[in-house]
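Asks: What follows is the residue order along each chain.
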Amino acid sequence: MQIIDRQKVNHEIECLREKYGQDRSALIPILQELQEIYGYLPYIVMQETAHSLGIHPSEVEGVASFYSFLRTKEKQGKYVIRLCQTISCNLAKKVNVARQFENELGIKFGQTTNDGMFTLEYTNCLGMCDQGPALMINDRLFSKVTPEKASAIIADCRRDFLKSEFPKVVPSDVQKSGPILNHGLQPSESLKTALTMSRSAIISIIRESNLKGRGGAGFPTSIKWQLAGAAIDDKKYVVCNADEGEPGTFKDRYLLYDHIEIMLDGMAIAAYAIGAQKGFIYLRGEYKYMKKYLEEKIENRRKTNLLGKDILGKDKFNFDIEIRMGAGAYVCGEETALIESLEGYRGEPRNRPPFPVDTGFQKHPTIVNNVETFIDAAIIISKGAKWFLEHGTARSSGTKIFSVSGNCERPGIYELPFGIMISQLLKEVGGENAKAVQVGGASGKCLARKDFNRSIAFEDIASGGSIIVFGPDTDMLAVAKNFMEFFVEESCGQCTPCREGNVKLLDGIEKLEKGICSVTYLNELMKLDETIQLASKCGLGQSSPNAFLSIMENFKSEILGRVPEIN
Amino acid sequence: MELEKLDTEQTLSRAPKSTTTSTMKTPENMESIGALIKITIDGIDVKVPMGTTILQAARSIGIRIPTLCYHEDLCISGVCRICVVEIEGQRTLQSSCSYPISQPLVIHTHTRKVRQARRHILDLLLSKHYGECYTCVCNNNCELQELAREYGVDFYRFGHVDKPTYGRDNSSYAIIRDMDKCILCRRCVRTCIDLQEVGVYEAFNRGTETHIGTFMENPMAEQICINCGQCINRCPTGALHANDPSDAIWAAIDDPTKHVVIQTAPAPRSAICECFGLEPGIPLTREMNTAMRYCGFDKVFDTNFAADLTILEEGTELIKRLYKSLVTKEQVALPQFTSCSPGWVKYIEHFYPEMLDHVSSAKSPQQMFGAVIKTYYAKMYNIDPADIVTVALMPCTAKKFECNRPEMNDSGFKDIDYGLTTRELAQMFKEAGIDLPNMAKSEFDDPFGEETGSGVIFGATGGVMESAIRTVYDLVTGEKIEDLFEKANVIPVRGFEGIKYAELPITKVGPVPEILAHLIPNWDWLKGVTLKVAVAHGTANAKKILENIKAGGKFSECQFIEFMACPGGCLGGGGMPIPTDEKIRAARAKAIYMEDERSSVRKSYENPAILRIYKEFLTDGPCGHLSHHLLHTSYTPRGKNLI
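Protein chains in written order, with the working numbering: chain A, 31 to 597; chain B, 775 to 1417.
Just chain B, same shape as in the assembly (with noise of 0.2 angstroms):
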């Protein structure tokens, strides 16, 4: 078995940007002449490779330098200037945040100049920031009001609006804008355009009159927009945030007609934690179990359930894919994409409705549960499913939209009646007066409580490709994938690069196993075919794929990908706490991945509730009537035109 990385950097082209700063190149060998600088910061002498930034210095040893417009993810703007130091012989300030040092410099982070540049650069943005801080989403939680206080602001020296200008557009189902709250700082527009390639927002008019608009300053219902929420996650105010659908959820459960079920993803539970001032990357599922229902959901379920049965229903369209164009010698699309994550599907249904036929039509977890909830499990309780409400804990603001999707009520019902962000939760939890790290552990309720690893990986990039190849070689070639993979850990396909690419050659086969045996007759089809996958995340690194295939390039011959929108994948999703970086990303991945390893299931078809429903409802097997009918969907080519 062989597994292979890619260096996609050189291989495809770069994304546009919106913001042609460029900066040094830092020296490859930090050994030659000149590769190293000194430079002074206030008075700390410090030897950095050039190129590093001031600000990059200045962190390095632990001097603080105050930001807005900097985030790590993005590329450097250098507009908001709250970053200024003053340069020994410099005329006037350079913004830390842009200034590659290239010659030794003698810098002061906090002299007179600097200070009252700051606090002016506060009051400047202050005068025209509307709102009040008790009633914003972001209290407590908002860069530019930790800014006001460290910088003393005890009054508004250049005035404050009084009056809203723009108004608040909540015609999205996942992203309300409030531009009255916008500082400019333009990290929405770095997301949209560099990071996502979706392009939603960019700065427009000049002068006082800029602001950050929509194409033809059309509602967010009427973009072109995949709902992923990641300019949420990178604003600093309250400017941009996910719509809220928790005063609805509580009306539920204080309804007692009303039977509030919460399925919860994977993602979550390694981040919740975040909301609670706890380091990232401590798991509290079983913490926010009893929260859950201390809140008063009826039977908190886990969306591992679902994840399975997506690989179960995903993992034979594949097979039957596979059969189709070895076997059979059918035209079927090639190679088969993930559907797992709304904001991807939307980004294809955009962007490459051409070539939406490769997609799964299987849907995502939160939507097969939904439709799951309101048929088999309403029929196992003798619950009507018009009593029945839906809450899904999701990582995700596409979710808002997806589970608001007109063809996603095929259990007769709408399947999913509210998607919840983590942060959404956490709220939830504050209002009730919980205080989660404390709280008493507990299990997931039956019949859909058993935490499989194989699902919960599906919060990390790679992990649906994982669980994906541990089903699959087991089920094909009848060994176990530990042989090749020390504790089924494929490691390939884990960590942060944005594109990676495995390979996996099957060079002998077993028998079909029973739950298969209605669609092929034996495995001896594949082998000697070597698989070969590929996986993306953050839907940048997804065009370049999708541009690599239609040119017939190297992901053209791939069976399978996996697409995830979110840079990181559901752990960096729009619903996640903020801040996001990085480390916290990685940090997040590292609790996901421990409790995979925690997990006694840590195969989707070893599900012990997979086999059951498959025995007991879905009784033609993966892919078969009823299951098609539920838990399989289509997808609506939208273009990139909606006016």
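Chain A extracted, bound-state conformation (with noise of 0.2 angstroms):
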């Protein structure tokens, strides 16, 4: 039992509200860091933590409890591993590497070892879908996990010799790039041409480019910052959701390192053509190896004068740019959920209206854009509304990176025009002979072969960018049950119809599994689905039985026709 001292705890705390600030807002980063110190959150640490900031200690274990990288109960092992559950690495055969780390430790997962050395865990996509299985020790990630690979961890960590698999450089296997990825631009230089333009004038090359938002909702970027930018207020925010959970994508993760310098004009952009002081970047837990080599780049940026006061010269242009971690919540990628988790509260969505654009991060106006978005705004900036306009189809223009993962050949990042059909991009994947392809991550639609030529555009098959690729001999129904699992855990809980009506769902497949569903009892599910998409309170949420549904669809027949699991 360790034996904390309420002092000390409230020096630290103390500390860190110098380093994060004052208000709420600071409750996760101070959380975060309290939990290096004592590798949990104990009792006290929360109760001091609440004090000082004004709220109640319910409240910070609320919070806590909300997040899955933050810890409230024991304390974990020295090495925590965390397994990704997600699909993609499921077809990767995930499931050996489980089984050898439960026989090397005799623990299994949810379980940490009696010395204290290690904790097992299940996790949701950790963003490297091409290269599983993956995992996490603790900040450390590791890809292609094999059996032997598991064993070899286990005694580097024992010896306390843990070497970090990608020490520097985040692997990323581009595959095919275009003209977003080739944009060839300077770091700062679409800043620099931006900051000649006029604000108005910046949204609307915008606006003529017909940019949509790449997170998948497709919402036109345009209208967010003329709205943020019409809003009268003295304080407004610019917000990179760098929160990228979606099963199935690592885009992110990959345009972050390596085109980070044009996102941060983007960003710097998208302040100017606001009148934002402030921005954040909400980079996922998952990522949190990234963060030191970011704030590289952003401090690099200060000393430059890309950021900070009068930027370039500009007059009143102050602008300047925090990361904030995200703790492992996939629903803090729906902005008004990763608004929430910026002011220091559980990641649940808002309803809606307000909108964010005019009662966002403090109830002031917040435009919240994915890291594709911005590095496209970037590049429209230098290159014109025109140049965009020739890629893609009418109303879905320009190029769209995406994640490919699964049974295919060359998993990777593919950089390729809107409207493309599913059936061109399976060839450019190697995956001509898939059964079906799962198109936008666990929210998304599972596509048939009478499907395939279809196109990925807005107005087709919509697509954050994840690609999952099922072989002829994949299971549909253990995809299905994969991705149902997902929701369960990472819906946030508040609302009826996602947090109840997912859980029957997956009772259902259960069932199906065991050959004990009835047909009526699925039509019932199938209506459910409907009530879920319709009823509930944010874009998970009514995403969340997409793919229960087109699975039920497009593969009626495989899943009735089963042999029954035998328990």
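Hints in this document: simulated from the structure, not taken from any laboratory. Virtual Cβ for every residue (Gly too), placed ideally from N, Cα, C. A portion of the hints provided could be inaccurate.
[Stated by the list, open to error] Taking CB as the label site, the calculated pair distances span:
{"#": "1", "chain 1": "A", "residue 1": "Ile34", "chain 2": "B", "residue 2": "Tyr908", "range": "44 to 50 angstroms"}
{"#": "2", "chain 1": "A", "residue 1": "Gln141", "chain 2": "B", "residue 2": "Lys937", "range": "36 to 42 angstroms"}
{"#": "3", "chain 1": "B", "residue 1": "Asn979", "chain 2": "A", "residue 2": "Asn126", "range": "27 to 33 angstroms"}
{"#": "4", "chain 1": "B", "residue 1": "Pro1411", "chain 2": "A", "residue 2": "Glu540", "range": "49 to 55 angstroms"}
Got two chains here, each in a separate frame; can you build the complex from them with the hints?
Replies: The structure is reproduced here in structure tokens:
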């Protein structure tokens, strides 16, 4: 039992408040740092944090218990092994690796070894889908783990000599690049161009380019910028949504690493266009290894007056960027949940309207855009709207960066124009014999061969960039089950349809596995799908049954004709 | 005399919010362009001010939309989704409680999609709602049950749990939590964090693991809980309810060796009618007296006696403090805070223990009465106090905790044996087959049966202050308060503003009345002093005042402040009939002030029973030796950490 000195805790909290701010928005970073000190969040730490911020201890525990990477209960092992349980890693035979770890350590997942050395846990998508099975040990990332490698990793840990597999460079396998990835722009080049223009001119160019949000929802970027720009407030915020949590997505990890300069240009341009003084990069907890690298880049920009006061000599254009770490909650990719999280609350989506563009971070106008959107915007400012319109379709301009994983020959990152047919894409990635393709991650749709002539575009099949290829031998019910398990865990739990509905869908899948789900009940579940889509509070909830629904529709005979599993 | 009200919202900071939803501000001037927006709901055109929610708009034209997580007293949450409606041109359904109208909309409230969604939501909630309605304290007064009936739920579409997941937490004297009945509407969370600023509950975990938890999942008895029971009043199901002592009370009634005495607080009489299907605001005081005797209580007393006693004791204490401060220049804590509300007392013990010396040492009326019954009354009627069982009918759940405080035994016995709420008494009546509204009327029993207006108004926020002003003004100036306020109705301290403030300059003084002659030589030192008083109800408002005092603000100059833990005062107490909202509380207040006007005695110092007890029993007067022993108490600095 650890003996904790309240005074010492208090002193630590005071120091952290100096660093992160005096109000509640400092809560999550403070908890993250305190957890590093204590290994978890003992009740004394939560109490003192609460008193210091003028909130209640139950509120701190409520926040801490919401995020997977914050722990309120027992202390974890010195090495916390988090194995990705999402579909792409499953397809890469994660189960063998999991067995190996369990045998090696003599514990099950969710447990800690008696000597306090190891904790085994499952986690959701680590963004290494093209290189699975992937796992994280504390802050370090390991990919393409085999059972043999698992043994070696354990041995290294036991010697306290865990070599980081990727000491500096984040691996990324760009299989095909296009006009965006080959932009050829120098750092700050597009920002300089932007600063020669008026604010309204920038928004006009973005409007002409017809740029739509790259996160998947496809909301026109110019409208967000215009509304936030028109809002009257002395504080406005620009937020980069780098909480890439959609299973099968890893393009932002690559973009943040290799194209960070143009991304930062994009954020600064947005800030200039709407009149914001402060920006946040909300980086998902799983990408913590990148934080230092990104902070160096930001610091360099401060030194060269690309951030800070009167940027590049532009009078009264003040803008700075802070990185805030997510703490393991998929739902924080939803923009209002992300803002709640930034404010130090549980990452629960807000009611909309009002929208973040007028009531965002701490009630000030806020734009939240995806990493790729900022990059596209910056390039558009340099190269013009027309150039952008040359790519893609009439309603979906430009290209899209795809993260391809699953049963294909060449998984990795692809830049392809909007409007590309699924069959073309499969040819590109070496997955022509696919039985099905999941477009848009867990919240997207599962397409069967009959749909392979459809195209990826906002007007047909929208996608945030995740493509998971399922080979001919894939058990589609198992795929549906994996996705539903994901949502049951990742639903924020506030609204009834998503919280309870997805549990019923998962329960239905388990019934189907056993062969005890009647067709009547299955039809009732399909109707429940509609309710979840229509009545859930946020986009996550509304799209949570998509995978289930499309798999049931497309593979009904396969699923109903299964030989039931015997318990 | 000058009485002013204070705009507290501007001068004091807002309470933190548990759910940072914000809706649009409605325009100030309805004449301005765009201030009114035309919408169509189910084919009916209506113009509403911009920012009105769809739910409000629908209600304004008599269209019913079901709700669960919505509560008028609380901020909007929009989580249950039962109130969804279809808006033309929108892909998804929208929750009507949270949707502010900012443009013309065509809304449908009962399309196929809406009906299906509502039914599914009910089915989903029921699939996890453990327990049977027969064995539920909320049977027939449950919002979930009512909706299930309304939507014709005749089978469990998505199954039903047959085993409890959490089990009951019976640890608290006041509040029982039965989380297996929780539907996660989070009203209790919003009540406890926003309305009361106590923060016992919060949503923990996420996804399917989400539940309403307490800090470290410790039982209620080990939480920083003030027992106010506001969460109970706002729980739509039976997941939260009060710790009911009625079985033990029946047992005492059935025991021929026990002399069972009940005292009835002012607030319950204004509200018990609601438990018998009547409109709020019909006082059934005398019917209740008959009914209680019918149940078998040996004596039925009026807590008003003890309320008047409180005014004498607390008022005298205030005069002593002022005398020390102004004349003998001793260090005393001012302003003096009232101590009638046990929820408030526990609040300050936890959150502002350093300010406990401001709290009057006078016990609450309930506890004073208990001590008097087991001493004075027992002696007077020659009953062994060991055989007396004292029951207190209260609007309050915190009273259950208060009567179990270990220090509350100055009579040599437990001063009050059981705290019974309005709801629980109504239940006892029903069990005894009593149809309360049709009961014959009868008076309270002597010797504590005088119905006094000064006591009855304790039931509403500002009542203690009004009563104190009536007595103090008369005693100090030798004149009548009626000269200042028609019918002695001290209007400025009435009403439901969160914080009320008033000033009362003392321009002339009279002779010192006999009852206080042992304490002070004359009133001259009060001449020219302006009495500044404030009233707060709901502990979030209390917090604002305490913070203001700590910062040396306006309220630090007050001499006397009334605090009530519950919004509206006792009439909004945690033991009062459910539901509660502002309209219902206003109706109860009206009933209370009606009873006040009806009373022949409306000033505490004129209550003959009070004069008698100081003459016969507490012979060394208010704040004298015996009253200090029996009627005063001390407090425990509890602090913000229990573990």
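Asks: It remains to establish, for every hint, whether it holds in the given structure.
Replies: Each hint tested on the structure:
One distance hint, 44 to 50 angstroms for the beta-carbon pair Ile34/A and Tyr908/B, holds here, with the actual separation near 48 angstroms. Checked against the hint of 36 to 42 angstroms, the C-beta distance between Gln141/A and Lys937/B comes to roughly 25 angstroms, which is inconsistent with it. Checked against the hint of 27 to 33 angstroms, the pair Asn979/B and Asn126/A passes, with Cβ atoms roughly 31 angstroms apart. Taking the beta carbon of each, Pro1411/B and Glu540/A are about 54 angstroms apart, inside 49 to 55 angstroms as hinted.
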